Amino acid sequence: MKLFKKIFLIIILAGVVSLGLALGAKGQTAPSVWITWRAATYTPADYRGRTLPIDNSNIVAAVDVLDRGRFVDLSQQTIYWYVNDSYVNGGTGMTRTVISVPGAADRGGLSIRVSLPDYAGGIAKTMPISVLSPQVIIQAPATESSNKFTIRGLPFYFNVDSKNNLNFAWDVAGNKPSTYNDPELLNITLDSATRGGTNIPISLNVTNPNGTFETAEANVSITYQPQ
Amino acid sequence: MKRVLIISGVVVIAALIIAAGIYLRTRRPAPAAQPSPAAGVPGGLPSAGEIPGSTGAGGGASTGTSAEISINKPALGYVVLPSGEIRYVQPDGQVVRLTSVSSTVLSTTKISDVLDAKFSFDGRKVLVKAGDSTYIRWSVYDIDKNSWRQLSIDAADANWSPRDYRIAYFARRVSSASLTLFDLSFNSSRPRTLLTLNGEDLTVSWAGSQRLLFGEKASAYVPGNLWKYDLQNGALSLLREASPGMSVSWGNGDSGILFTGRASSRGGTLSLINKDGVELQTFSFTTLASKCNFFTVGTSTLERIVCAVPRDTRSFSLAALPDDYFKGVLNTVDSFYVVDPRAGSLTPLPAATALGADASQISVRNNRVYFINKADGKLYGANLGN
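In the order they appear, the protein sequences are chains G and U.
Okay, so the first sequence: first residue is 1 according to the working numbering, each after it adds one.
Okay, so the second sequence: first residue is 1001 according to the working numbering, each after it adds one.
The shape of chain G in the complex, shown without the other chains (with noise of 0.2 Å):
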């Protein structure tokens, strides 16, 4: 019978540690800290994509944590930036920061960290971030059966709200057509002699007149095939 009472109270014992450590590994999930951000640079508005910074140009910073299955307030609590591990902004509730990205020294990618040293014994988060250069892509079928189209070219990460902020030189086989209301689309109308299989060279260079060194080009090469 003691044998008996011996084994119960083991069994006891095993449950309520079993139980004990059960309750406490689900109180000790670690809370989710989320950085996310939006970078203040131009891309088409049709683009899917992610907007991405270039040197200079500023990001919104927020973060979020998720705790016990909900998005936490942190209004009252301490939140600290750092930016390639230097101290930016901090205080109370500051959710979100302006963050400057620094010069071509740089390039390449940030760092971006916040701290809350308050909330739950203290928890961050790093978040890295490439830093890309301005980029302009045309638009334009590899051949053409028609001597009159229309070509597309899009700027992507200037430092502007509009693309009718920036410079737009198109060349088209050594000519420099306007464009007319949208800078983007180039009307092209191919001289009547123009033989078929002849190779026409475009190009477009997208310039920042606001933006030190914010200057980008893209080359194509069009072949005309009437059919």
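Calculated directly from the structure, the hints in this document are not laboratory data.
Small disclaimer: the values here were computed from a predicted structure and weren't measured.
For each residue, glycine too, the CB sits at the ideal point set by N, CA and C.
Heads up, some of the hints might be wrong.
Quick list of in silico lysine-lysine cross-link-like pairs, DSS-like style, CA-CA up to 25 Å [unchecked claim]:
#, chain 1, residue 1, chain 2, residue 2
1, U, Lys1374, U, Lys1118
2, G, Lys148, U, Lys1073
3, U, Lys1374, G, Lys148
4, U, Lys1110, U, Lys1378
5, U, Lys1374, U, Lys1110
6, U, Lys1228, G, Lys125
7, U, Lys1118, U, Lys1073
8, G, Lys125, G, Lys148
9, U, Lys1118, G, Lys148
10, U, Lys1073, U, Lys1374
11, U, Lys1073, U, Lys1275
12, U, Lys1228, U, Lys1118
Per the computed footprint, the stretches of chain U lying under chain G, defined by three or more beta-carbons under 8 Å from a beta-carbon of chain G, are [said to hold, decoys possible]:
#, segment
13, 1076-1090
14, 1110-1119
15, 1302-1316
16, 1349-1357
Once you've looked at the hints, dock chain U against the given chain G.
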């Protein structure tokens, strides 16, 4: 004493059961120990370089009768109804109905700067996004009532529920973003906020009719997270953390296709995941999630997947995805396949492949696959079977 021991025993057993239940509920499911199928392995999918019928980069030859252009005009969005009727939105915002005998302009209203157009699950409403980089306008067209409604929402993106007239989006506020549902069944309906975050540059999609997936817009150059929000109980969970280039295409069931970029910012992998984000299978071919869609045949509820897979696998694997594809730096010529995730089989679709298209907005209806060719913006259709 004996009674005390028996009661204690029962209590202990109950405690152990509760503890085990809590443990199982709180632990993250382990990834399935399923190796990536390789070419030649029974049940496996062929590798990207060994796709049956692949002819390398370049256009394919037309097979004639089984594949054709369905609309000889650019379309921004479309739907094919069970009757075979096609409805589509032109770049000028006009909504058109096309049957086997006639073409009718349903809405003659022209809209400037249309950026996107999406049909509801049944094709009876159209959500239209217009504007420029500084201001976005949203409106919905009710085909039955022939009426437009302007939507007072400030959102970069919005998506229809797969089964009703709700749209989901992140409403932009001065210093926050609200995950919002807007039921467009009635003109008097108002948006309903589900969650308010501090988050920036977020996008949301549906994973079935009762779950939303949200996270940062995808880029090969920066990591992002993927969250799940359950509309039935408000539960939030983190599906994927700190992965670049993530995008998802979801069926009506509990599984979806996930594209994930690589740490090198070049190429990526495509996998089948369940509703908890657990990887069920890594496909040995690669394409973007937006180039795949789920479908069922007849009365079957078993979902299969149709994918448009870039033939030039080398260029695709060297591209920053999805950035380069969305910009137009990378254009593709696709081969089409039907994937049966249960059998692990891959069936080529030669008729669709022969079109040599760069496919987007893929759907299947009446044993035909439809898609918009990014190269010319037109809607194409091809027989599924051969």
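Cross-check of the supplied hints:
1. U:Lys1374 x U:Lys1118: Since the Cα atoms of U:Lys1374 and U:Lys1118 sit roughly 16 Å apart, the hinted pair holds (cutoff 25 Å).
2. G:Lys148 x U:Lys1073: Since the Cα atoms of G:Lys148 and U:Lys1073 sit roughly 18 Å apart, the hinted pair holds (cutoff 25 Å).
3. U:Lys1374 x G:Lys148: 21 Å, holds
4. U:Lys1110 x U:Lys1378: Judged against 25 Å, a Cα distance of about 19 Å means the pair holds.
5. U:Lys1374 x U:Lys1110: 22 Å, holds
6. U:Lys1228 x G:Lys125: 21 Å, holds
7. U:Lys1118 x U:Lys1073: 17 Å, holds
8. G:Lys125 x G:Lys148: 55 Å, violated
9. U:Lys1118 x G:Lys148: 31 Å, violated
10. U:Lys1073 x U:Lys1374: 12 Å, holds
11. U:Lys1073 x U:Lys1275: Not satisfied, since the Cα-Cα distance of roughly 38 Å exceeds 25 Å.
12. U:Lys1228 x U:Lys1118: 23 Å, holds
13. 1076-1090: violated (count 0)
14. 1110-1119: This one holds; 3 residues, not fewer than the three required, reach chain G with a Cβ under 8 Å.
15. 1302-1316: Three-residue rule not met by the segment 1302-1316 of chain U, so violated; n is 0.
16. 1349-1357: violated (count 0)
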